[in-house]
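As they're listed, the protein sequences go chains A and R. Under the working numbering, think of the first position of the first sequence as 1, with each following residue one higher. Under the working numbering, think of the first position of the second sequence as 1, with each following residue one higher.
Simulated from the structure, these hints should not be mistaken for laboratory data. Quick caveat, the model's predicted, so the values are computed rather than measured. This list has only true hints and no planted wrong ones.
With a Cα cut of at most 20 angstroms, we get these calculated EDC-like pairs of lysine to aspartate or glutamate: (1) Lys44(A) x Asp57(A); (2) Lys110(R) x Glu14(R); (3) Lys78(A) x Asp57(A); (4) Lys44(A) x Asp103(A); (5) Lys98(R) x Glu31(R); (6) Lys71(A) x Asp57(A); (7) Lys98(R) x Asp56(A); (8) Lys69(R) x Glu55(R); (9) Lys98(R) x Asp103(A); (10) Lys44(A) x Asp63(A); (11) Lys98(R) x Asp57(A); (12) Lys52(R) x Asp103(A).
Footprint (simulated), chain R over chain A, 3 or more residues, beta carbon under 8 angstroms: (13) 43 to 53; (14) 103 to 116.
Each residue gets a CB set at the ideal place from its N, CA and C atoms; glycine is no exception.
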Amino acid sequence: EAGVAQSPRYKIIEKRQSVAFWCNPISGHATLYWYQQILGQGPKLLIQFQNNGVVDDSQLPKDRFSAERLKGVDSTLKIQPAKLEDSAVYLCASSLGAITSTDTQYFGPGTRLTVL
Amino acid sequence: DAKTTQPPSMDCAEGRAANLPCNHSTISGNEYVYWYRQIHSQGPQYIIHGLKNNETNEMASLIITEDRKSSTLILPHATLRDTAVYYCIVSFSSNTGKLIFGQGTTLQVKP
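Next up, chain R with everything else stripped away, as it sits in the complex:
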């Protein structure tokens, strides 16, 4: 079973920031938080991952709470192309650990 809880759906206005929450209260000390997204009819796409510190790349920012029990993925300026299912996953290094996908959050970006 997935070790994360995400809201099933969210809406966001185009050009605004999209903040996608994820709860992972049973995360262990050496598990990472990964975010992937899946645009309709495509395979999942890696977005970002982190262990303790906040992370930022060209796609998004990841904010992890100090107790590591929850995190937020931030898309700073959402576009219509960001409409997708977003998956939050906790896992060890994926060379040895599985990526267990839950139901994810369906983000609908509206004009």
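Bound conformation, chain A alone:
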């Protein structure tokens, strides 16, 4: 079974530039998550999708971050404009989205963003 795919793996940009990350979840997984992990900290949830609808985006800085999940499969996370403090690893995860049972999340390898 293929895992969660993310691209690019690494990205270096100047502050105030824009950047986009792509995620392809495990086939058949209805729930998709984007996390931000700053060096030395645990991952922090940015946004959660159930199919193509947003379940939770309370921690997403909406003035500069946006995310979409068209057709309930792939997802993109965009930052525009980037700030120095956005330097982090951006992790995508997916899960089956089962309502009646606990639901394991499977993580991709992440995209390491450096903002100069």
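Based on the hints, put chain R in the right spot on chain A.
Positioned in the frame of chain A, the structure of chain R alone reads:
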């Protein structure tokens, strides 16, 4: 904020059991205890979860105290590849609840 407390770091000798503690004194009756680990430069990996009873799978065992205020993850025969950050998380079913990661425990397995 994370609802768990873990020691920041631990060492373990290769081949010995690694016992990683976690305190979750404010856990509610229908919250599960999850363990994930993150090997350097990889995404987190699910290990095990439990509600009340002890659980075991091919990777580890989870021991939850009767009052559910603490738990221990046991890696029965640690190898160098088990060196990672281990996160203990309490959450409802993760379809509706968040996984709130704390700082975790950095486990160093030494030869």
